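2 protein chains.
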Amino acid sequence: MSNYIGIDLGGTAVKLGIVNMKGEIVETVEVPTLAETNSADKIYRNISQAVGALLEKSGGDKIKGIGIGCPGSISPEEGTIVSGISNIPALNGFPLAREIEHDFKIPTFIDNDANNAARGEFLFGAGTGKKNFIMITLGTGIGGAIFINGDLYGGVNNYAGEVGHMIIIVNGLQCTCGSMGCWEAYGSATSMIKRAKALVERGIKTSLLKHYPDDINAKVIVKEAAAGDMAAKEIIISTGKYIGIGLANLINIFNPELCIVGGGVSLAGEILFKEILKYAQINTLPRAWDVVEIEQAKLGNKAGILGSAALAYMKMK
Amino acid sequence: MSNYIGIDLGGTAVKLGIVNMKGEIVETVEVPTLAETNSADKIYRNISQAVGALLEKSGGDKIKGIGIGCPGSISPEEGTIVSGISNIPALNGFPLAREIEHDFKIPTFIDNDANNAARGEFLFGAGTGKKNFIMITLGTGIGGAIFINGDLYGGVNNYAGEVGHMIIIVNGLQCTCGSMGCWEAYGSATSMIKRAKALVERGIKTSLLKHYPDDINAKVIVKEAAAGDMAAKEIIISTGKYIGIGLANLINIFNPELCIVGGGVSLAGEILFKEILKYAQINTLPRAWDVVEIEQAKLGNKAGILGSAALAYMKMK
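Line by line, the protein sequences give chains F and L. Letter by letter, the first sequence follows residues 1 to 317 of the numbering used here. Letter by letter, the second sequence follows residues 1 to 317 of the numbering used here.
Just to be clear, a hint being listed does not mean it is correct.
[Stated by the list, open to error] Cross-link-like lysine-lysine pairs, in silico, BS3-like; alpha carbons within 30 angstroms at most:
no., chain 1, residue 1, chain 2, residue 2
1, F, Lys278, F, Lys130
2, F, Lys130, L, Lys130
3, F, Lys317, L, Lys130
4, L, Lys205, L, Lys278
5, F, Lys130, L, Lys315
6, F, Lys131, F, Lys197
7, F, Lys315, L, Lys205
8, F, Lys298, F, Lys274
9, F, Lys131, L, Lys315
10, F, Lys130, L, Lys278
[Said to hold, decoys possible] For the chain F half of the interface with chain L, some residues (derived, Cβ under 8 angstroms), not all of them:
no., residue
11, Asn87
12, Pro89
13, Val156
14, Gly161
15, Glu162
Derived by calculation from the structure, the hints in this document are not laboratory data. Quick caveat, the model's predicted, so the values are computed rather than measured. Don't be surprised by glycine CBs; every beta carbon is placed ideally from N, CA and C.
Next comes chain F alone, as it looks inside the complex:
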């Protein structure tokens, strides 16, 4: 049985793992990304050495392919990080997969982390056995990935799934993309934190005050809501409502068998998930709702490595 290497390339750390086809990570290596050096060459050599170290750990087991996942817009055909990888600007335009493949003579593939997360869930997680599903990743923004006929749908230039910029309130809140009223301006961790800070600043009585400003995050808001804080609860409920409505939009559009909800915000607990389900159901047409399952992602913090390995596996099979 062949193994694959998955590389999770983040802004601060590069996490590498050898993955077997049971979805187990059997060896790992982790190195700092060195984004601050601002040198593609240094960053690349560091990653390359880490791959070498991992291959040594593999003890000669055959590695069939290498997959890389990173944030940003990727051109998989060219093995290039095209743009938008704002936390590692030196790698913009760098043909990372092609270089790794050249150095190690192992087929290497690259795609963005939201797409790979969906591939990981498809092979090893909540999506096993499903052919048509969507996955949303609730974090700083809202990412999306679309599976159709058992494969990731990338669109014309691998840019499909930008669900976070679906407008749910015309003339609504300003989004980072320049438009107004995007889904992620209402349903992301960033939006929760903004709302929490605004409540504190308006002098509303809330236990969030003691975390203000720098320690307010989605987890803290959920914790305070669970402890009975009304302002925190209100943030969770309205965030869940917005997430649920956007999810309903996607279910009405795709008529999928499954929606996987992943990302940090999705771990915020039962209160939020209950609200998401409630508003998704209210706003989905019954015939589509009747056939869809909504599940939380299963791979958790292994999604980066497993998803990247899944990319390599799916490209080579």
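Given the structure of chain F, go ahead and fit chain L onto it with the hints provided.
Only chain L this time, still in chain F's reference frame:
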């Protein structure tokens, strides 16, 4: 070269045509639907006789397949009109395609008219040569169809593409589906007519008054706008804005190579189309906008017959 029969089953008339592979309708038959008889049996016998009449007109040319298009939710596998065909209620659950196939010994297929319109554009119209595109149909509501990898994407139970019920304004206008703020509550002909009537009722000075109430329709609003009426112009501009924003959502989600805009409202003229394009561009991420074309549907009032024939062709090839 084989020909196909396309059947456009509407609430008042059934239009049948023999279609060749150049996309020409070489023979036609039209009969009333007889929806008012409320008898599936009578309606079926009438359609069946019309098929017989058309086959006689074909003069013995081989008919390879028959396609049927109708509004509502269709289960193509069972050859059944499942539900939602509100203007011919007697046919709910009636296995129309199966019966035709049985009677004429010609393979027969059925799907909803929005899906078939997209198939027609794919084979004979604006979508030729395109593999990944979306089509929206602007009429009483907003219909949608999704083409992926050169085939219609139906979702789990052929219900995909319900783009009209994508919410673009949370807590917005009431939609016929029960939700609030759906796209079609802002971008359909129905919404234009509602707004026009409301303006007249509020006593706004407008030439729409002379059409009030029963002659106000999308075409009239466009005509009065073109003649300089400010209220009519304002309706067109805001409708175009809403349509454009919903279209941007779909382009961000699908990253398609083409969006085809069809339906009666799309024929409303250049003013509306200009607004649609303007707001679609403003709200689409640049990388997706750069690769997408927006085109008006080409099949016009032949879409029903040509689309249904396209269904049969695509199912049999």
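Status of each hint after checking the structure:
| no. | hint | verdict |
| --- | --- | --- |
| 1 | F:Lys278 / F:Lys130 | 23 angstroms, holds |
| 2 | F:Lys130 / L:Lys130 | 27 angstroms, holds |
| 3 | F:Lys317 / L:Lys130 | 27 angstroms, holds |
| 4 | L:Lys205 / L:Lys278 | 28 angstroms, holds |
| 5 | F:Lys130 / L:Lys315 | 24 angstroms, holds |
| 6 | F:Lys131 / F:Lys197 | 41 angstroms, violated |
| 7 | F:Lys315 / L:Lys205 | 63 angstroms, violated |
| 8 | F:Lys298 / F:Lys274 | 18 angstroms, holds |
| 9 | F:Lys131 / L:Lys315 | 21 angstroms, holds |
| 10 | F:Lys130 / L:Lys278 | 38 angstroms, violated |
| 11 | Asn87 | 19 angstroms, violated |
| 12 | Pro89 | 17 angstroms, violated |
| 13 | Val156 | 5 angstroms, holds |
| 14 | Gly161 | 7 angstroms, holds |
| 15 | Glu162 | 4 angstroms, holds |
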